[in-house]
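Input sequences plus hints: build the corresponding full structure.
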Amino acid sequence: MACRELFKLLLVLLGFRCPGVGSHPSCSTGSSPSMLPREDTWFLFQDVCAVLVQGCQLVLLDQEHLVSKVCQLIHHLLNRYQVMVDEQSLNFLLSYCISALRQCSSWTHVEILQALAALVYNNGPKCQKFLPDLLGKAGLLLQLSDPAQPDVELRRAAVRSMANLCLSVPGQPYLDESYRSVCFQTFLSVLQSSKTTDVDDITFCMLLQSALKGVQSLLNGGKMKLMQIDQIGALLAVLKKCMFHGLPGLSIEVPTALYPAPLPQYDKRSPAKQEQSEPAASKQTGSRRKKCKGKQKKGEFGEEGREDSGDAGEESVLGAAMVKLQLGDVQSSPCPQPRVSDVCAGKEPPSWQPCKRLSSSESESYQANVRQGALACFLSTIKSIEKRVLYGYWSAFVPDAPGIGSPQSVSLMTIALKDPSPKTRACALQVLSAFLEGSKQFLSVAEDANDHKRAFTPFSVTIASSIRELHRCLLLALVAESSSQTLTQIIKCLANLVSNAPYSRLKPGLLTRVWNQIKPYISHKGLHSLCCSPPLLCPDTLRNAPSASSLEVSAEFCCSAESPGSLGSARTTALVLPWLSISWGRDWGDQQILCVTLLLGLNHSENPLVKAAAARALGVYILFPCLRQDVMFVADTANAILNSLHDKSPNVRAKAAWSLGNLTDTLIINMETMGQSFQEELSDVLLLKLLRSATEASKDRDKVKSNAVRALGNVLHFLQPCHVANPRFREAIEESLQALIATVGSEATMKVRWNACYALGNVFRNPALPLGEAPWATQAFSVLSSVVKSCKNFKVRIKSAMALSIPSRRECYGSPEQFCHIWSALVEALQRSEDTEDFLEFKYSSSLRSQLCQALLHLLQLARSSDLPLLGSSLREHGHAIRPYVLQYLSSPGHEGDSGAHTDLGHRERALQGAIEHLSAVERELQGKARLRVSLFLEDVLTHHTSATELAEA
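Residue numbers (the numbering used here): 1 to 954.
Source of the hints: derived by calculation from the structure; they are not laboratory data.
Among the hints, a few may not be true.
In silico BS3-like cross-links for lysine-lysine, where the CA-CA straight-line distance does not exceed 27 Å [claimed, not checked]:
1. 241 - 195
2. 126 - 137
3. 648 - 792
4. 129 - 195
5. 519 - 648
6. 507 - 519
7. 440 - 383
8. 843 - 792
9. 789 - 751
10. 195 - 126
11. 843 - 795
12. 383 - 519
13. 843 - 699
14. 699 - 792
15. 751 - 792
16. 699 - 648
17. 795 - 751
18. 789 - 689
Structure (C-alpha cells):
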C-alpha cells in the first residue's frame with residue numbers, strides 16, 4: 001500500500017494525473033521555478049512540501065528501502081526546484097530524518113544525510129531546536145563525521161550536512177559559539193586527515209570540499225573571528241596543504257600548524273617524486289596556455305545537498321562574468337547505487353560497493369576543485385584575521401628568492417605559474433592580491449638600496465628580496481598567460497603590489513620593467529584589466545616610474561578614451577587624468593602642452609565621468625608653480641572649472657568645486673609672492689564670475705558647498721580696494737558674505753561649517769573690506785561667537801576661535817559692546833572646553849583651549865580704554881576660572897593642531913608680556929580711573945608662571 005501511494009506521489013510531481021491524487025498545472029514536466037510566475041512558484045513549493053510530508057507519513061521507519069527512496073526524493077526535489085520549505089514542514093521532515101538516522105540500518109544513512117543536508121541548507125536559523133540532536137555532545141553529525149568512521153562516503157555526507165548548517169542567513173540568529181567551535185574542529189580534523197589506500201581520489205576530494213565549504217561558511221560575513229595563534233596556524237597549515245592538493249609535479253609536506261616566522265618553514269618536498277614529476281610539470285607548464293581547456297562537466301545531479309550558487313565566495317573574480325569561487329559545484333559519487341529490483345526484493349544493499357576505476361582526467365578535475373575551494377576559503381580567512389597578525393605568515397605564502405643550493409619555497413605564485421587550470425590560477429592571484437592589499441606599512445621596512453655585507457640577513461633585506469621576487473614572478477606570469485580572465489587578475493595583483501611597495505628604498509629598475517610590460521595591454525582588445533587597476537596609475541607609481549613613459553602611457557589612455565571600440569573608456573580616463581603630469585617640475589616641453597590641451601578639451605566631454613576627472617585634474621595642475629604663475633592658464637582653467645560647476649551631474653559639480661578651491665588658493669599664493677602685477681593682470685570680469693559662481697555653489701549639496709565656501713573666502717581675501725569700491729562688485733560681495741554667514745550658522749555637515757569658518761577668517765585678512773563699520777561684520781562676529789561656545793564639533797570651534805583672532809586692528813572689532821561680546825564668548829567657550837557628549841571630541845580639547853587663550857591674549861593686546869570697564873567686570877567674575885587655563889597654555893609645549901597655529905613657549909610668553917605692556921599704557925592714560933587694572937591680573941598670571949618654571953628647572 002505504501003509503495004503504491006508513494007508511486008502516485010512521484011507521478012504527481014512528474015506531471016501525470018493519478019486517480020485519487022490531484023495535480024497542479026505548475027508541476028508539469030520540465031517546469032522550473034524560474035520559468036513560472038511568482039504565485040505559481042509559491043504553489044509549486046507548497047505542493048512539493050505537502051507531497052514530501054505526505055510521503056514521510058506514508059513510509060514507516062521499518063520500511064528501510066522506502067525510507068531510502070523518500071530521502072532521495074527529498075534531496076532531488078529540493079535541489080531541482082530550490083524549494084523554500086515552510087517551517088512546519090521543515091520541523092516534520094527534520095524530525096523524520098533524525099529518527100531515521102537513529103533507527104534505520106547504516107546502509108540508508110548516506111541517503112538520509114543527503115536529505116538532511118538539503119533541508120538545513122539556508123534554514124539554519126529555523127533548526128535551532130534540533131542542534132542538540134545533531135551537534136550536541138552525542139550529536140548524530142558528530143558521530144558520523146568522526147575520524148574513526150570507516151565509511152568515508154557516510155563521513156562526507158555528515159560533514160556536508162554540518163557545512164550546510166553553518167551557512168548564515170542575513171538578519172537571522174546564527175549558531176552559538178559552542179556549536180561553531182565544534183563544527184570548526186570537525187572541519188579542521190577532516191582537512192588534516194590523509195587519504196588511505198582503500199579510499200578513491202574522488203570521494204576523498206569531495207570530503208575535503210565539504211570541510212572547506214564548512215570553514216568558509218563559518219568565516220564568511222564575520223561570523224567567526226580567528227584570534228588564537230594555534231587556531232590560525234592550524235587552519236593556515238591545512239589550507240596550504242589543500243591549495244597544492246593534486247597539483248601536477250608537486251608533492252609537499254606541511255606541518256600540522258604554521259607559526260609566524262620571517263623565513264619559509266617546513267616546505268618539505270619528496271625528492272623522488274620531485275625528480276620524476278618536474279620534467280612533466282615543466283612540459284605541461286610550457287604548453288598548457290597554448291590551448292585553453294573546455295569547461296568542466298558537472299554531474300547529473302549534485303549529491304552535496306542543495307546546490308549553492310553564491311555562498312562560497314563573496315569576491316568577484318574573473319572578468320565581466322566575475323566567476324565566483326564555488327565550493328558547491330561537485331559531481332555525483334561514481335559509486336553505483338543499489339538497484340531498485342534488489343531493494344524491493346528485500347536484499348540489503350552493502351554500505352560500500354567497489355567503485356569502477358576512474359580516468360585520470362576525472363580525478364584531476366576534482367583535485368582542481370579542492371585547490372579552488374582551499375583558495376576561496378583562504379580568501380575568507382584573510383578577512384577574518386587582523387592584517388598585523390596575517391603578515392606574520394608572509395613567508396609561508398609569498399615567494400622569496402631561493403638561497404644558493406636550495407629550492408624555491410612553494411607559494412601562491414607556484415600555483416599561479418604551474419597550475420593547469422586557468423580558474424585556479426586566477427583564484428591564487430586573487431588571494432595574493434588580497435594578501436597585498438593594505439600591506440604598505442608592513443612592506444615599508446623593506447630596504448636593499450645599499451649592499452649589505454653582514455654575517456646575517458636583516459629582515460628589511462628579506463622583505464625587499466620578497467618584493468623583487470614577486471615582481472619577477474608576476475611579470476613572468478604576465479608573459480606566459482593566455483587566459484584574458486587570468487591576465488586581469490595578474491594585473492590587479494601587480495596594481496596592489498605597485499601601490500604598496502616602497503620603491504624609494506629599493507634598487508631602481510622594478511617599475512621600469514612593470515611599465516614596459518603593461519604598455520602592450522593598452523590596445524589589447526577584449527582585455528579590460530587596466531580599467532580595474534587604478535593603483536598602476538596613481539601618483540606614487542607615476543612619481544617612481546620613468547617620467548616620459550608615464551606621460552606617454554597616460555596620454556595614450558586619454559586620447560583613446562572616447563574612440564569607438566578602443567580599450568580606453570570613461571572610467572579609465574577618469575583614473576588617469578589626475579596624474580597625467582605628476583612630475584610636472586621636469587622640463588618635457590611638448591608633452592606638457594599635450595597634457596594641458598588634452599585636459600582643457602576633455603573638460604567639455606559629454607561623459608560625466610570624464611568631465612569630473614578632467615575638472616579634478618585641472619585642480620591638480622593649477623597647483624604646479626610653473627602653471628599657477630601663468631595668468632593665461634589660470635584664466636583658461638577658471639573658465640573650464642566654472643563651466644563644470646554648472647553641470648547637471650552632482651559628481652562633476654563636486655570635483656569642479658574642489659578644483660575651484662585649489663584655483664583660488666593659488667590666487668592668494670600669487671598675490672603674496674608676485675604682488676600687484678598678478679592682481680592687475682587678472683580680469684575683473686573673471687573675478688566677478690568667480691565670486692558669483694562660488695556664491696551660487698555654496699547653496700548646492702554639502703559635497704559642493706564645502707569647497708565653494710572655501711573658494712568664497714579666498715576670492716573675498718583677494719579683492720582689492722578698487723573692486724570693493726566698484727558698484728558692479730558691491731552686490732556680489734554682500735551676497736557672498738551673507739552666504740558665508742548663513743553657512744557657519746547652518747545645520748550643514750561639520751566639514752562645511754569648518755570651511756565656512758576658515759573662509760570668514762580669510763575675509764577678515766583683507767584690509768580693503770570695511771570690517772568695523774559694515775552691518776555684515778556684526779553678523780559675522782555674532783555667528784562665530786555663537787559657534788565657538790556651542791558647536792558640538794571641537795574642530796569647528798577651534799576654527800571659529802582662530803577666525804575671531806585674525807583682525808589685526810582694534811577698529812575692525814567695532815563698538816566696545818561688540819568687542820566685549822566677543823571677549824565674553826571666548827571666556828565662556830574656555831570654561832566649556834571640556835563639555836561634550838561625544839568622547840571622541842576630548843582629544844581636541846587641548847587644541848581648543850590653546851586657540852581660545854591665544855584669541856583672548858590677542859584681544860587684550862588690542863583693547864582700548866573704552867573696553868576696560870567691561871573687561872575688568874568679566875575678569876572680576878571669571879578670572880579665577882580663566883587663570884588655570886592661561887597658566888596651562890603658557891607651560892604646555894607648543895604644537896600645531898587643527899588650529900593651524902604653531903606657537904612655542906617663548907612666543908606665548910612674549911604675547912602675554914606684550915598684552916601687559918599695552919594694557920599698562922592704556923591704564924596710565926586713564927590716570928587711575930579704571931575700577932580694576934586688567935594688567936594686574938596678567939602680571940599675577942605671569943608671576944605664577946615664572947615661579948612654576950623656575951621651580952621645575954631647579
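Check the hint pairing residue 795 with residue 751 against an upper bound of 27 Å on the C-alpha distance. At roughly 9 Å apart (the allowed maximum being 27 Å), residue 751 and residue 795 satisfy the hint.
Are the Cα positions of residue 751 and residue 792 separated by 27 Å at most? It holds: about 13 Å lies between the C-alpha atoms, which stays within 27 Å.
Is the hinted pair residue 789 and residue 751 satisfied, with a Cα-Cα distance of at most 27 Å? Distance ~18 Å between residue 789 and residue 751 Cα, so the pair holds.
Given pair status - residue 795, residue 843, alpha carbons within 27 Å: Judged against 27 Å, a Cα distance of about 10 Å means the pair holds.
Do the alpha carbons of residue 195 and residue 126 lie within 27 Å of each other, as the hint requires? Since the Cα atoms of residue 195 and residue 126 sit roughly 35 Å apart, the hinted pair is violated (cutoff 27 Å).
Verify the proposed pairing of residue 699 with residue 792, using a straight-line Cα cut of 27 Å. 23 Å, holds
Satisfaction of hint between residue 195 and residue 129, Cα-Cα up to 27 Å: 35 Å, violated
Please verify whether residue 507 and residue 519 have alpha carbons no more than 27 Å apart. Answer holds: residue 507 to residue 519 is near 22 Å, not above 27 Å.
Below or equal to 27 Å on CA atoms is what counts here, so check residue 519 against residue 648. At roughly 35 Å apart (the allowed maximum being 27 Å), residue 648 and residue 519 break the hint.
Take the C-alpha atoms of residue 843 and residue 699, compute the straight-line distance between them, and say whether it is at most 27 Å. Answer violated: residue 843 to residue 699 is near 32 Å, above 27 Å.
Please work out if residue 383 and residue 519 have their alpha carbons no farther apart than 27 Å. Violated. Residue 383 to residue 519 sits at ~33 Å, over the 27 Å cutoff.
Hinted pair, alpha-carbon criterion (27 Å max): residue 241, residue 195. Please report holds or violated. Within the cut-off at roughly 13 Å; holds.
Consistency note: the structure conflicts with the earlier hints numbered 3, 4, 5, 10, 12, 13 and 18.
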